[in-house]
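Undergrad: So the chains spell out like this:
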Amino acid sequence: MPDVPSQYSEKVMEHFKNPRNVGEMENPDGVGRVGNPVCGDIMELYIKVKDGIIVDAKFKTFGCGAAIATSSMVTEMVKGKTIEEALKISNKAVAEALDGLPPVKMHCSILAEEALKSAIEDYLDNSKKRGRAAKR
Amino acid sequence: MKKVYLDNASTTPLLPEVREAMLPFLGEDFGNPSCLHDWGDTAREAMENARTEVAQLIGADAEEIIFTASGTESNNFAVKGLALAQQNEGKHVVVSAIEHFSVLHSAKTLEKWGFELSLVPVDRYGVIDPEDVRRSIRKDTVLVSIMHANNEVGTIEPIKEIAKVAKERGVVFHTDAVATAGTIPVDVRELGIDALSLAGNQFYGPKGVGALWVRKGVRILPFLDGGVQEGGRRAGTENIPAIVGLGKAAELARMHMKTRIEHLSRLRNRLLTELPNKIDHVVVTGHPQNRLPGHASFCVEFIEGEAMLMLLNSQGVAVTSGSACTSRALKASHVLIAMGLPHALAQGSLLFSFGLDNTSEDIDYVLEVLPPIVDRLRQMSPLYAKFTKTSKGGQ
Ligand code: FES
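Chains A and B supply the protein sequences, listed in that same order.
Residues in the first sequence are numbered consecutively from -11, following the working numbering.
Residues in the second sequence are numbered consecutively from 7, following the working numbering.
Worth flagging that the hints you see were computed from the coordinates, not collected in a lab.
Just to be clear, a hint being listed does not mean it is correct.
[As the list claims (entries may be wrong)] The list that follows gives simulated cross-link-like pairs (lysine-lysine, BS3-like), each with its CA atoms no further than 25 angstroms apart:
1) B:145 with B:97
2) A:-1 with B:97
3) A:5 with A:38
4) A:38 with A:-1
5) A:46 with A:5
6) B:213 with B:170
7) A:69 with A:36
8) A:5 with B:8
9) B:9 with B:222
10) A:105 with B:213
11) B:118 with A:5
12) A:5 with B:145
13) B:392 with A:46
14) B:170 with B:97
15) A:80 with A:67
16) A:36 with B:118
17) B:264 with B:213
18) B:395 with A:46
19) A:105 with A:117
20) B:264 with B:284
21) A:46 with A:-1
22) A:80 with B:337
23) A:36 with A:116
24) A:116 with A:46
25) A:38 with A:67
26) B:114 with B:173
27) B:284 with A:5
28) A:36 with B:392
29) A:46 with A:69
30) A:117 with A:5
31) B:114 with B:97
[What the hints assert, rightly or not] Over the 12 angstroms line for every Cβ pair with chain B, so calculated as not near, a few chain A residues:
32) 7
33) 11
34) 15
35) 21
36) 68
37) 73
38) 79
39) 118
Virtual Cβ for every residue (Gly too), placed ideally from N, Cα, C.
Chain A on its own, in the form it takes in the complex (with noise of 0.2 angstroms):
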């Protein structure tokens, strides 16, 4: 059998091992949620929004362990972000801030910033209808 763990930076290990924002959220302003095509694992990703900036993000992750480390990566990323900034967040930025993944395990972190793509689009979703909603 492939001795994955070996191939995680310590980075990894101490996000997997201590994942940062675990949970759900109550009232979040945006949702993720992403399957990973690959090996079918998924993602859920919550932000809380106040005047355009991301005051808190929290996650759950349904994976291996360098999904893990890159949901919790992400969502310390993107607190203090505005939601501009934010969308600029690749899987690759996510991947380097934990010093590398091991190639097989890059689609996780694709995983990490689709989530966050999904939440992002939730919330300005939620906000054009709360915009409409205001207007009427």
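Keeping the supplied structure of chain A fixed, place chain B with the ligand upon it in accordance with the hints.
TA: Chain B with the ligand in isolation, oriented as in the chain A frame:
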């Protein structure tokens, strides 16, 4: 930290007696068994002793044993060599859906070479129905290859009955006995088979050595062309230290098989019953009774295997998983999928395989460290959250 090795299905450790037996052949007894001088004689004699031991382990004749470099090589050799030797009679082979990749991929290679391939299904315990094998056999079938026991879920197949079906139809039958030879009784005549693969590192012998048994009179295409080693079927200077180790391991396995099985079954039975009591939503994979003595496999619902494996490793416990995330191909275990397990459940696969050194305390330790790991990962799992919400909502 406590260290508990529960991955004997991947490889067993080398027994000290086996290492001792090998050492002279890594030192002064370095001769090439093909040579006609004292050095050659010493090596040849040791090799032939080993051949006799391996033959005795499986109830075969020594001259029917071909040494190879691994179980994988034995399987490649058998599947390709037996099919190709008969390709004038037909070009159809039958294997099961849960074979080891060394059989499955060899069969796929045959497909590329113009053969046709039928995959026999399994039931939810991973058992192959001999009648399904019968249905798969055609006029032009030249080979049936079905494993003796599955390495991932531990299920032991009804090989005697399957071999009978093949024999009735006059088809050559090979079994991959890598998981069973040296572990449980295997007698090739009693099973009524034509060819069998085994590997040394599955029963406390060295890595890098295996054997293929082919019944006298059954044709097989040579695997490596060259000199006349191994009856001209597998050329190349033999790996004498490893072969000697394999012979010693075979001898010890034959002598101590009964007590080993008792020891391993006791540990396995305990984990099979106690783990599902300790952790909710755990299913045993494979057959509940007809399974390898040291083999306890499970699927833990709502979480993924690699994450469990790594957290267990950080507590000193070594296991494996059939999760897609642990495979380089990122595909769920073909064995679990063939058994009809949903993909998400297969992701939670965990395999504990016991060895001679394991004790009941090792199980105590697993039962102590695993539940909090499962809890922790479930707290992170969106599938678990969904499950708890809907099951509460349903009440
Ligand atoms: S989530 Fe499956 S490999 Fe990472």
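Undergrad: Given the hint that residue 170 of chain B pairs with residue 97 of chain B, test it: the Cα-Cα distance must not exceed 25 angstroms.
TA: Judged against 25 angstroms, a Cα distance of about 21 angstroms means the pair holds.
Undergrad: For residue 9 of chain B and residue 222 of chain B, compute the direct alpha-carbon distance and say whether it is at most 25 angstroms.
TA: violated (46 angstroms)
Undergrad: Determine whether the non-interface label on residue 11 of chain A survives the test: each CB of chain B must be over 12 angstroms from its CB.
TA: At roughly 8 angstroms from the nearest Cβ of chain B, residue 11 of chain A sits no farther out than 12 angstroms, so the non-interface label is violated.
Undergrad: Within 25 angstroms, alpha carbon to alpha carbon, are residue 46 of chain A and residue 5 of chain A?
TA: Given pair residue 46 of chain A, residue 5 of chain A holds - Cα atoms ~16 angstroms apart, limit 25 angstroms.
Undergrad: In terms of Cβ atoms, is chain B entirely out of 12 angstroms range of residue 7 of chain A?
TA: Contrary to the label, residue 7 of chain A does not stay out of reach of chain B, its closest Cβ about 7 angstroms off (not over 12 angstroms).
Undergrad: Just checking, residue 79 of chain A versus chain B, shortest CB gap more than 12 angstroms?
TA: Holds, because the least Cβ-Cβ distance between residue 79 of chain A and chain B comes to about 16 angstroms, which exceeds 12 angstroms.
Undergrad: Is residue 38 of chain A close enough to residue 67 of chain A, meaning Cα to Cα at most 25 angstroms?
TA: holds (11 angstroms)
Undergrad: Could you grab the alpha-carbon distance between residue 264 of chain B and residue 213 of chain B and see if it respects the 25 angstroms cut-off?
TA: holds (24 angstroms)
Undergrad: For residue 118 of chain A, which was marked as not at the interface, is the minimum beta-carbon distance to chain B over 12 angstroms?
TA: Check passes; 26 angstroms lies beyond 12 angstroms.
Undergrad: Run the distance test for residue 105 of chain A versus residue 213 of chain B: straight-line Cα separation, threshold 25 angstroms.
TA: Given pair residue 105 of chain A, residue 213 of chain B is violated - Cα atoms ~48 angstroms apart, limit 25 angstroms.
Undergrad: Against the 25 angstroms threshold, does the CA-CA distance of residue 46 of chain A and residue -1 of chain A hold or violate the hint?
TA: holds (19 angstroms)
Undergrad: Holds or violated: residue 105 of chain A with residue 117 of chain A, Cα cutoff 25 angstroms?
TA: Cα-Cα ~18 angstroms, so holds.
Hints 2, 3, 4, 6, 9, 10, 11, 12, 16, 20, 30, 32, 33, 35, counting from the list given before, are not met by this structure.
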